[in-house]
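As a plain string of letters, each chain reads:
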Amino acid sequence: DAKTTQPPSMDCAEGRAANLPCNHSTISGNEYVYWYRQIHSQGPQYIIHGLKNNETNEMASLIITEDRKSSTLILPHATLRDTAVYYCIVRVKNQGGKLIFGQGTELSVKP
Amino acid sequence: GAVVSQHPSWVICKSGTSVKIECRSLDFQATTMFWYRQFPKQSLMLMATSNEGSKATYEQGVEKDKFLINHASLTLSTLTVTSAHPEDSSFYICSANSPGQGGRETQYFGPGTRLLVL
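Protein sequence lines, in the order shown, are assigned to chains A and B.
So for the first sequence, the working numbering puts the first residue at 457; every next one is plus one.
So for the second sequence, the working numbering puts the first residue at 8; every next one is plus one.
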């Protein structure tokens, strides 16, 4: 079973920041938080991952709470092409760990 | 990021025939690859873990004799759907672990293969 909880859907206006929440209250000390997204009829695309520190790359920022029980993925300036299902997944890194997908959040970016 | 390819991108076959899907890591070696299946409006479901040079590990409820997995090299894993039936019609997606730089291992996904069994 997935170990994360996400809202099923969210809307965001084009050009605004999209903040996607994820709860992972049972996360273990050696588990990382990974974010992927899946645009319709394509394979999932890696976005970002982190352990406890906030992370930023060219796609997004990942904010992890101090107790690590939740996190937020931030798309700073959402575009129509960011419309996708976003998955938050926890797993142990560097052990060949499999990814277990939950239902994710369907983000709709609207003009 | 690292690139994973799949072939074919889509396939239509008759009921009772077998279909082979290839998954390749193009710019890195992958000792472990994964196979997922996704039905319409559902999330990805992990089918099996493919290990180079050894037998695959199947998730509970996945028939190993129906979904044959071979991981003969560090860049290629194949999934063969044997005696396919209409209920096997689905979107099959593979992924591979890339070691990345600085220890930042990441799993990358292929574009998927859509199978339609008539």
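Calculated directly from the structure, the hints in this document are not laboratory data.
Some hints could be false.
Examples of chain B residues toward chain A, derived with CB under 10 Å [said to hold, decoys possible]:
#1 Gln13
#2 Gln45
#3 Phe46
#4 Gln49
#5 Leu51
#6 Leu53
#7 Gly68
#8 Phe98
#9 Cys101
#10 Asn104
#11 Thr113
#12 Gln114
#13 Gly119
#14 Leu123
Predicted model only: the values in this text are computed from it and were never measured.
We put the CB at the ideal spot given by N, CA and C, even for glycine.
Evaluated hints:
no.: 1; hint: Gln13; result: holds (8 Å)
no.: 2; hint: Gln45; result: holds (9 Å)
no.: 3; hint: Phe46; result: violated (13 Å)
no.: 4; hint: Gln49; result: holds (8 Å)
no.: 5; hint: Leu51; result: holds (4 Å)
no.: 6; hint: Leu53; result: holds (6 Å)
no.: 7; hint: Gly68; result: violated (14 Å)
no.: 8; hint: Phe98; result: holds (8 Å)
no.: 9; hint: Cys101; result: holds (8 Å)
no.: 10; hint: Asn104; result: holds (6 Å)
no.: 11; hint: Thr113; result: holds (6 Å)
no.: 12; hint: Gln114; result: holds (6 Å)
no.: 13; hint: Gly119; result: holds (5 Å)
no.: 14; hint: Leu123; result: violated (13 Å)
In this structure, the earlier hints numbered 3, 7, 14 are contradicted, and the remaining ones agree with it.
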